[in-house]
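Asks: Sequence:
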Amino acid sequence: LALCDLETARLDDICHYNHLLGEVFAEAVIRLCNRSGIPLDSIDLIGSHGQTIWHNPQGIRYEGEVIRSTLQIGEPCRIAQRTGIATVADFRPRDMAAGGEGAPLVPYADYVLFSDRKVCRAVQNIGGIANATYLPVCKNHGHCSPSCSCEHDAHPEILAFDTGPGNMVIDGLVRIVTKGRRHYDRGGAMAAKGKVHDDLLKELLRHPFLRRKPPKSTGREQFGQQYCEWLYGRGRKLKLSAEDMIATATAFTASTIATAYRRFLPTMPDEMILCGGGSHNAALVRMLQSQLDGVRIRSTDEFGISVDAKEAVSFAILAYATVQGMPNNLPSVTGADEPVILGKIVPGA
Numbered sequence: 006l007a008l009c010d011l012e013t014a015r016l017d018d019i020c021h022y023n024h025l026l027g028e029v030f031a032e033a034v035i036r037l038c039n040r041s042g043i044p045l046d047s048i049d050l051i052g053s054h055g056q057t058i059w060h061n062p063q064g065i066r067y068e069g070e071v072i073r074s075t076l077q078i079g080e081p082c083r084i085a086q087r088t089g090i091a092t093v094a095d096f097r098p099r100d101m102a103a104g105g106e107g108a109p110l111v112p113y114a115d116y117v118l119f120s121d122r123k124v125c126r127a128v129q130n131i132g133g134i135a136n137a138t139y140l141p142v143c144k145n146h147g148h149c150s151p152s153c154s155c156e157h158d159a160h161p162e163i164l165a166f167d168t169g170p171g172n173m174v175i176d177g178l179v180r181i182v183t184k185g186r187r188h189y190d191r192g193g194a195m196a197a198k199g200k201v202h203d204d205l206l207k208e209l210l211r212h213p214f215l216r217r218k219p220p221k222s223t224g225r226e227q228f229g230q231q232y233c234e235w236l237y238g239r240g241r242k243l244k245l246s247a248e249d250m251i252a253t254a255t256a257f258t259a260s261t262i263a264t265a266y267r268r269f270l271p272t273m274p275d276e277m278i279l280c281g282g283g284s285h286n287a288a289l290v291r292m293l294q295s296q297l298d299g300v301r302i303r304s305t306d307e308f309g310i311s312v313d314a315k316e317a318v319s320f321a322i323l324a325y326a327t328v329q330g331m332p333n334n335l336p337s338v339t340g341a342d343e344p345v346i347l348g349k350i351v352p353g354a
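In terms of my numbering, the sequence shown opens at residue 6 and continues consecutively.
Honestly, I wouldn't trust all of these hints.
[Claimed, not checked] Here are the simulated lysine-lysine pairs, DSSO-like style, with alpha carbons at most 30 Å apart:
| hint | residue 1 | residue 2 |
| --- | --- | --- |
| 1 | K244 | K198 |
| 2 | K207 | K218 |
| 3 | K184 | K198 |
| 4 | K184 | K244 |
Read the hints as simulated data drawn from the structure, not as lab findings.
Use the sequences and the hints to build the structure in full.
Replies: Rendered as structure tokens:
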């Protein structure tokens, strides 16, 4: 986390951990294959998103243009060298170079995996940041891909954007109130014991990001450590217990998701498909259900994809599209000027 903070990040650390994290990722692949009985040489391709340490979709102005930027570490050359497997990584910069925000990218895979001919769905990932993909009924699903002309011309209503903080604020507060003894609210137990402070929640919901129209994305720059420390200070001033703070932060995440659906989606989906670590937070799921009456809440587990592995599956799909020469961004989602092929390919052994 120190690498994600302007006050603590050091260039030498970023350089070092970029390569170290690549080794860690490679070791994870090797261990997974060994435990699963899968020969390493039977794998054709690795898709690695990396660890985001900075994401600036607002960008800076340079000679009349807005130059957006993002940085993910986890050196793909290390992964390819250690495993011998061709590796695709660094997906986001190409979309930014084409005028997009570089996020969200997973909607391409969401379309492939969850679009339906009869059911309108929203795929809701709750990781550090929460993001939604709105998938209207698609009569052509199974006969086209997200990169074909059908998707871009016939389905402009497909939407995807960051709804706001997911686990980031909850986890950050947990670390603060427990003095580092805990890193997250397991199962939502702390939130379940607390009481939401309505006035503080209303204050949180006035954050300007929440009113921005899609396409939009966010990250630690807006909801990271500094924001959590500010929120903790507000809680202390209001004499809230640790549990009340966590309950309010959890309600903040639930409310930002529900509000985004009402504010930005053309219609309420029939189903919400949950994935990401927040899916394990029972208190958060209950709050979501209470605010989205009539929407059936499911998880990717029901579709044979672990809620904890769905992002990995998504980047495997993106990597496949890259090596096949298929555009795999969605301009209607990221704001890019045109469809482009994302990622950089590092050959294997």
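Asks: Could you run down the list of hints and mark each one as holding or not?
Replies: Status of the hints after comparison with the structure:
Taken as a hint, the K244 and K198 pair is honoured in the structure, with Cα atoms around 16 Å apart against an allowance of 30 Å. Using a Cα cut-off of 30 Å, the hinted pair K207 and K218 holds, with the two alpha carbons roughly 20 Å apart. For the hint linking K184 to K198, the alpha-carbon distance of about 19 Å falls within 30 Å, and the restraint holds. Proposed proximity of K184 and K244 is supported: the alpha carbons are some 18 Å apart, at most 30 Å.
This entry satisfies every hint, going by the numbered hints stated previously.
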